[in-house]
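Visitor: Sequence:
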Amino acid sequence: MPRRRKPEVLAPAGNLRGLKTAVDFGADAVYCGGKAFGMRSAPKNLSLADFEEGARYAHERGARVYVTLNVLPRNAEVEAMREYIGQLKDTGIDAMIVTDIGVMMMAHQIAPDVELHVSTQAGVTNYGAAQALYEFGARRVVLAREMDLQAVRDIRARIPDDMDIECFVHGAMCMAFSGRCLFSNYLTGRDGNHGECAQPCRWKYSIVEEKRPGQYFPIEQTAEGAYLFNSQDMCMLDHIDDLIDSGATSLKIEGRSKSAYYIAAMTNAYKIAVNEYMVQRGFEDASGAMLKPFRDRVIREGDPDYAESITVVPDAIERNADKAFAGMPGGDMGLEFGGNTDADTPNAEDTGATKPAEDAAARAAGGSQLDDLSYRARSARRKSNTAEEVLPEGWHHAKIRPAEPVTLPEWLLEEPDKVAHRDYSTGFYYPEHKVSQNTDRSAYFRAWMVVGEVLDWTPDEGGRVTLMSRNKIEAGQEIEFLLPGERPFAYTVPAGGFRDADGHWVEAINNPAHVFSMPCPHPVPHNAAIRSRTKKPTLKAE
Numbered sequence: 001m002p003r004r005r006k007p008e009v010l011a012p013a014g015n016l017r018g019l020k021t022a023v024d025f026g027a028d029a030v031y032c033g034g035k036a037f038g039m040r041s042a043p044k045n046l047s048l049a050d051f052e053e054g055a056r057y058a059h060e061r062g063a064r065v066y067v068t069l070n071v072l073p074r075n076a077e078v079e080a081m082r083e084y085i086g087q088l089k090d091t092g093i094d095a096m097i098v099t100d101i102g103v104m105m106m107a108h109q110i111a112p113d114v115e116l117h118v119s120t121q122a123g124v125t126n127y128g129a130a131q132a133l134y135e136f137g138a139r140r141v142v143l144a145r146e147m148d149l150q151a152v153r154d155i156r157a158r159i160p161d162d163m164d165i166e167c168f169v170h171g172a173m174c175m176a177f178s179g180r181c182l183f184s185n186y187l188t189g190r191d192g193n194h195g196e197c198a199q200p201c202r203w204k205y206s207i208v209e210e211k212r213p214g215q216y217f218p219i220e221q222t223a224e225g226a227y228l229f230n231s232q233d234m235c236m237l238d239h240i241d242d243l244i245d246s247g248a249t250s251l252k253i254e255g256r257s258k259s260a261y262y263i264a265a266m267t268n269a270y271k272i273a274v275n276e277y278m279v280q281r282g283f284e285d286a287s288g289a290m291l292k293p294f295r296d297r298v299i300r301e302g303d304p305d306y307a308e309s310i311t312v313v314p315d316a317i318e319r320n321a322d323k324a325f326a327g328m329p330g331g332d333m334g335l336e337f338g339g340n341t342d343a344d345t346p347n348a349e350d351t352g353a354t355k356p357a358e359d360a361a362a363r364a365a366g367g368s369q370l371d372d373l374s375y376r377a378r379s380a381r382r383k384s385n386t387a388e389e390v391l392p393e394g395w396h397h398a399k400i401r402p403a404e405p406v407t408l409p410e411w412l413l414e415e416p417d418k419v420a421h422r423d424y425s426t427g428f429y430y431p432e433h434k435v436s437q438n439t440d441r442s443a444y445f446r447a448w449m450v451v452g453e454v455l456d457w458t459p460d461e462g463g464r465v466t467l468m469s470r471n472k473i474e475a476g477q478e479i480e481f482l483l484p485g486e487r488p489f490a491y492t493v494p495a496g497g498f499r500d501a502d503g504h505w506v507e508a509i510n511n512p513a514h515v516f517s518m519p520c521p522h523p524v525p526h527n528a529a530i531r532s533r534t535k536k537p538t539l540k541a542e
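Take 1 as the starting number for the sequence shown in the UniProt record's numbering and just add one per residue.
Check before you lean on any hint, since a few could be wrong.
To be verified - With a straight-line cut-off of 27 Å between C-alpha atoms, the simulated DSS-like cross-links for lysine-lysine are:
#1 K35 / K89
#2 K20 / K6
#3 K536 / K472
#4 K292 / K6
#5 K472 / K535
#6 K434 / K535
#7 K35 / K20
#8 K89 / K44
#9 K20 / K89
#10 K20 / K44
Unchecked claim - DEER-style ranges, computed between Cβ atoms:
#11 T492 / T458: 14 to 22 Å
#12 P521 / P160: 46 to 54 Å
#13 A513 / M290: 41 to 49 Å
#14 D285 / P521: 29 to 37 Å
#15 R17 / K472: 36 to 44 Å
#16 D285 / E83: 16 to 24 Å
Keep in mind that the hints were calculated from the coordinates and are not lab data.
Only a predicted model underlies this, so the values are computations on that prediction, with no experimental measurement involved.
Virtual Cβ for every residue (Gly too), placed ideally from N, Cα, C.
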């Protein structure tokens, strides 16, 4: 399959049905795991035969398939990994997602025609690492989730244009760095780095005092205890322009353990958002025809306007980049570090922060015992390794060309609330609004539920839909049909139109996992989900 030259919507799949659903609802690519060596062992995952069928299905519709081989293998697994790669290369998949450098070299040798993507598990946080991996044969790097948007820009500006940057846009966040965690292994013996995480970060915790066994003291103010490590979910739908403008090539939706409905709804939402971006930025017309080649807004060294870009007034993302690390500015051994601390004031003079020249003078006068190299490293840890005073000899942020924000329709922005989710955040992309924890609960919000799945639609009798029931549908109920590439079709169920599988009239659809039919004037495709608001929003485990 040819490489895409526009932003890619990358959807998850835990089985063959999920893969096909993702493609049907607009995914440009689907990532999934096999029966071994993937970071999610809870889903059924795909067999070699599934990969062959899935790749064929995707390719026929212009999509690609990536396979996760991103565990950290032990010695006893190396030869089995080698054999598995040899089997995978003949299934028609387009890429392998790897973490371990040995697996990467092995895959490059055994399957040279299959692209190599470096997993977020590798923890890539800088352009030097990305460049080195490119030289090793990788054609994509999945950045660490802890990166802010300015860091994405800085990496994009300093790596080859034909190296993809993949960034997470939606789904569960992890309390460990780039997903590398020993918490589950320590507490349960289930290795999170081999896809067997028990998710102890979602558990409830209390304190027990040594001399008072059996007495549990809540850490938080609630009597139920506290969920200390329970991170919020990510949702970047309303900020899709910032992420693509910053150089992200692929937009990754998390959730290989999720339902087909979740995959359909979120894939559809992000695909429509990307299409809106392409039209509003002038790359495509409303029909999807190309008007000009896609290119992000990051200004690279060598661009005609590169020299002028150095003096461009920083935008909000650049001004806030120095808030990337926790803690207040200044303080290490009495040295105040320069840099901007106010998102709305680009000049250091406005903030009262110490300027780089004053920092240098302070060091020369003995104001700090730090040597120059240690000073830079400490400053990098305090705020950002992109601030001027860290590398005074010329480092600067990558700039971007100005553009108007992309505006998404309100109905589209509501889509993430129609799947089960924890409180949403924008992850680490905006340092001034970083992800936090939900310490009072670990359950999901569920305000909508799936009530059926479309099996067939016919124009007979003014339009009639046959469905597999999931929950009750009755006369007068407000439902929505989730349609690929379109706004959902809202519909009020009429009275007196229900039939069971044998064609007998029934009062309501109230028997799950049975076939029914009802009137529907709007054509709806096979496998479209039918959903309805819950009578009372709930907090439930997914």
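Visitor: Can you give the numbers of the hints that this structure goes against, from lowest to highest?
Guide: 6, 15, 16
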